[in-house]
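Spelled out from the first residue to the last, the chains are:
Number of protein chains: 2
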Amino acid sequence: VNGGVGFGVFSLDGDEPRVGFRVGHGVLDLAGAGLGDVFEATSLNPFLALGRSAWESTLARIDRLVTRGAEFIPLEQATTHLPFVVGDYVDFYSSLEHATNLGRLFRPDAEPLLPNWRHLPVGYHGRSGTVVVSGTPVVRPCGQTKRPSDDEVRFGPTRRLDIELELAFVVGVGSRLGEPVSGSAFRDHVFGVVLVNDWSARDIQAWEYQPLGPFLGKSFATSISIWVTPLALLEDRFVAAPAQDPEPLPYLRVRGDWALDIELEVELSGTVVSRTNARGLYWTMPQQLAHATVNGASIATGDLFASGTISGSEQGSEGSLIELTRNGAHPIRLGDGSTRAFLEDDDEVILRGRAGELELGEVRGTILPARCPRNS
Amino acid sequence: VNGGVGFGVFSLDGDEPRVGFRVGHGVLDLAGAGLGDVFEATSLNPFLALGRSAWESTLARIDRLVTRGAEFIPLEQATTHLPFVVGDYVDFYSSLEHATNLGRLFRPDAEPLLPNWRHLPVGYHGRSGTVVVSGTPVVRPCGQTKRPSDDEVRFGPTRRLDIELELAFVVGVGSRLGEPVSGSAFRDHVFGVVLVNDWSARDIQAWEYQPLGPFLGKSFATSISIWVTPLALLEDRFVAAPAQDPEPLPYLRVRGDWALDIELEVELSGTVVSRTNARGLYWTMPQQLAHATVNGASIATGDLFASGTISGSEQGSEGSLIELTRNGAHPIRLGDGSTRAFLEDDDEVILRGRAGELELGEVRGTILPARCPRNS
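Heads up: the protein sequence lines correspond to chains A and B, in order.
Under the numbering used here, the first residue of the first sequence carries the number 1, and numbering increases by one thereafter.
Under the numbering used here, the first residue of the second sequence carries the number 1, and numbering increases by one thereafter.
Simulated from the structure, these hints should not be mistaken for laboratory data.
Be a bit skeptical, because a hint or two may be false.
[Stated by the list, open to error] Quick list of simulated restraints, FRET-style, between CB atoms:
1) B:51 <-> A:242: 45 to 55 angstroms
2) B:250 <-> A:137: 23 to 33 angstroms
3) A:246 <-> B:105: 23 to 33 angstroms
4) B:184 <-> A:250: 52 to 62 angstroms
5) B:184 <-> A:112: 42 to 52 angstroms
6) B:247 <-> A:336: 44 to 54 angstroms
7) B:242 <-> A:246: 44 to 54 angstroms
8) A:12 <-> B:240: 50 to 60 angstroms
9) B:105 <-> A:239: 43 to 53 angstroms
[What the hints assert, rightly or not] Listed next, the stretches of chain B that the computed footprint assigns to chain A, with coverage defined by at least 3 CB atoms under 8 angstroms from CB atoms of chain A:
10) 55–68
11) 113–126
12) 140–150
13) 177–188
14) 202–212
15) 298–311
From the three backbone atoms N, C-alpha and C, an ideal C-beta is built for every residue, glycine too.
Extracted from the complex, chain A is given alone in its bound form (with noise of 0.2 angstroms):
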């Protein structure tokens, strides 16, 4: 039985897509309910720039509706879409365990933690056009590979394809260009949370990604929960973030309990490979939100901030196949018996959140086999 309680967007016998709120295996038909306009969009992203008070009572009036045993809809009968339209994607850096682990990998002569990482919250931004809904089946991707034991350039189908386990904010209410926004005002600005699945390519992403960072190797997709969690329903999960050596410059430094202790986990084809707690995470979100517009930056309805790949510090914990199987030379061993350094096609790939009582959108997807372009 698949969980997630949450915001997101459904459609009945291909009528226009509608905001639906779901509840284990129905699905509350907002609009319909007489909650408003507002859920008669296409997307969560009107409803999202409303802003906080009317998140909270929208999430009172469901309390009430349900409580009166208002009509959910069979999850069976509803087709579910990408819930936001998506502004900006920004993906970070933030686990401390899984940023050493990929420096050991990717610069294996140099110190694995750069400089600057214990003091700002290293992130770059991402393809938004490619944000995928849960569900969404993810093309092998070809692209360019140049191992330093390689003479020459290839070119081919990435043979090193894997996953990044993540959690990410969404931005309900924007700023304005010029203003940062002070990591006090968070819960003003987010509506929520959604599971991260970005798809990263190691072989291209290691070729491409100096000095400007990774590209090709992340942008083919990043796939996203149907359900958008509102931080109200997980109150009760707020749990101190681990302690921060050197301690952060002000701006960074926000007071109360920011990190989120909600348990994931990561099934491949079958088997469950990884289970951690984001509880983990160095930096916090506010902490992001508060360094991404330091500079002025603005921020918009729909922005998405994913965490980076969430790994703890024990072997079975990490949440990528890179650090599980150690760069591929310590294949996983399957249910089945089978093992992977990779993933490999028809390989599905589920990560999964639970907060206390609470489940969190699922993330699904399966690898297509790769459609490379003929002239290559």
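We have chain A already, so just place chain B on it with the hints.
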């Protein structure tokens, strides 16, 4: 007299914005002239999505209207707006001279050109939500910096605020996820070009950019022209691009002349400080498009693909101050006798482009003083 021929969005006396075509000092109201409802939109996007035959028939109809003496609205009566809703913003690094110059400055102890540079058009995603239209003031960004010689991380207004002179292409017709767009399909997807000023805070960029690329050093603002110049008006400006060595992989081989012979200049507070030409770019626009989609990434209406800084090989032909001033060591002298290593508050920068008889829309921006967060 400032020129600029192309499509843009304007409004009169607080009315709803609509699409216009500028020639010289006047704007043709395309909806008013009966060219179709698509021009009543508040952005060019619906028109861009129509495709090449609609773009060309529209230009033919505009040509007839102009020949018959259609009435133009005087430019000074029109309020102008961002011409299109920006999808994803990609910034390349396609000038050999610029990449070499920057490599020398950012990595003084290594080969300036990284091994991948001659094999693929290096690029990354920028922030689309902070793309602004010419004339929008730019607030000096605040951020973290740390020079190798500094003991501590500093926070404050950038002291190395710079420009980047670029030319960008604007996507009209999108593509499907999972299906690469070949270079030969370039003209079916791409509508036109704009000049771009990719404002850059060099000190913020230098501290943050490893290993995931530029982020806050660029994301505070990127300025584009008011007027988008259709490729169809630049037919006679396509010339042979520089020879490439080594020959690129087959997917990057595109027949025909694909460099654009557009003369460019940078004016800084009244003095022209750089003159160059877009035709010297090593990687061409169809190569950039073929590369950006070879992994199956889709493109969408309004996507903006910028060239990266355009620098020539001679002194005074560099497209950024960091190059013109040799990292600030050799300030340039302005007409009023003052000197600049980097931009000062109240400086105004104007980028101009000329393709024979035709002027591209200029890009203007003035620097406002920093507004750092109080708690920093």
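Are there hints from earlier that the structure breaks, and if so, what are their numbers? 10
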